[in-house]
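> Turn these sequences into a full structure, and let the hints steer you where they fit.
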Amino acid sequence: MIRLTTLDGRELVVNALLIERMEAVPDTVITLTNGRSVVVREDVETVVEEAVEYLRSLRSGADSTPVTVAQIARTLR
105 MIRLTTLDGR
115 ELVVNALLIE
125 RMEAVPDTVI
135 TLTNGRSVVV
145 REDVETVVEE
155 AVEYLRSLRS
165 GADSTPVTVA
175 QIARTLR
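According to this note's numbering, the sequence shown is numbered sequentially starting from 105.
Simulated from the structure, these hints should not be mistaken for lab results. Mixed in with the good hints, there may be bad ones.
[Stated by the list, open to error] Pairwise CB distance ranges, derived in the manner of DEER restraints:
1) Arg145 <-> Ala177: 30 to 36 angstroms
2) Gly113 <-> Ser164: 30 to 36 angstroms
3) Thr110 <-> Glu153: 17 to 23 angstroms
4) Thr172 <-> Gly139: 25 to 31 angstroms
5) Pro130 <-> Ser164: 31 to 37 angstroms
6) Asn138 <-> Arg107: 18 to 24 angstroms
7) Leu162 <-> Leu116: 17 to 23 angstroms
8) Glu157 <-> Arg125: 18 to 24 angstroms
9) Arg107 <-> Thr137: 28 to 34 angstroms
10) Arg163 <-> Arg114: 28 to 34 angstroms
11) Ser141 <-> Ser164: 28 to 34 angstroms
12) Thr172 <-> Met105: 16 to 22 angstroms
13) Glu149 <-> Thr110: 14 to 20 angstroms
Note that beta-carbon positions come from the ideal geometry of N, C-alpha and C, so glycine has one too.
And the structure:
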């Protein structure tokens, strides 16, 4: 899960595994696999970095193969 901020300042916690895609238009719009969209204050790169860190934390006990930002970005396209 990653913590983000909505445009009106509310904290939002998103399951990074459910992120389908993101757009900067100019605000960051996150579309989830269920079709819902969320607009947040954080820029796309920050959300990607948070998602990468979250996925690394999930994998930390599984093996020592690092997850790169490029790998995560490919899954978000």
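> Can you tell me whether the CB distance of arginine 145 to alanine 177 sits inside 30 to 36 angstroms?
violated (20 angstroms)
> Is the distance from the Cβ of arginine 163 to the Cβ of arginine 114 consistent with 28 to 34 angstroms?
holds (30 angstroms)
> Cβ-Cβ distance between threonine 172 and methionine 105: within 16 to 22 angstroms?
holds (21 angstroms)
> Mind checking the hinted window 28 to 34 angstroms against the Cβ distance between serine 141 and serine 164?
Holds, at about 30 angstroms.
> Note whether the CB distance of threonine 172 and glycine 139 lies within 25 to 31 angstroms or breaks it.
holds (28 angstroms)
> Return holds or violated for the Cβ distance of glycine 113 and serine 164 against the range 30 to 36 angstroms.
Given range 30 to 36 angstroms: holds, Cβ gap about 32 angstroms.
> With respect to the beta-carbon atoms only, verify the hint that proline 130 and serine 164 lie 31 to 37 angstroms apart.
Given range 31 to 37 angstroms: holds, Cβ gap about 34 angstroms.
> Check the following: the C-beta atoms of threonine 110 and glutamate 153 are separated by a distance inside 17 to 23 angstroms.
Once the Cβ atoms are compared, 19 angstroms apart, the range 17 to 23 angstroms for glutamate 153 and threonine 110 holds.
> Does the Cβ distance between leucine 162 and leucine 116 fall inside 17 to 23 angstroms?
Once the Cβ atoms are compared, 20 angstroms apart, the range 17 to 23 angstroms for leucine 116 and leucine 162 holds.
> Regarding arginine 107 and threonine 137, is the given constraint of 28 to 34 angstroms on their beta-carbon distance met?
About 19 angstroms separates the Cβ atoms of arginine 107 and threonine 137, which means 28 to 34 angstroms is violated.
> Could you check the hint for me, namely that glutamate 149 and threonine 110 are 14 to 20 angstroms apart, CB to CB?
holds (18 angstroms)
> Is 18 to 24 angstroms right for how far apart the beta carbons of asparagine 138 and arginine 107 are?
Check passed, 20 angstroms falls within 18 to 24 angstroms.
Taken one by one, the earlier hints fail for this structure at numbers 1 and 9, listed in ascending order.
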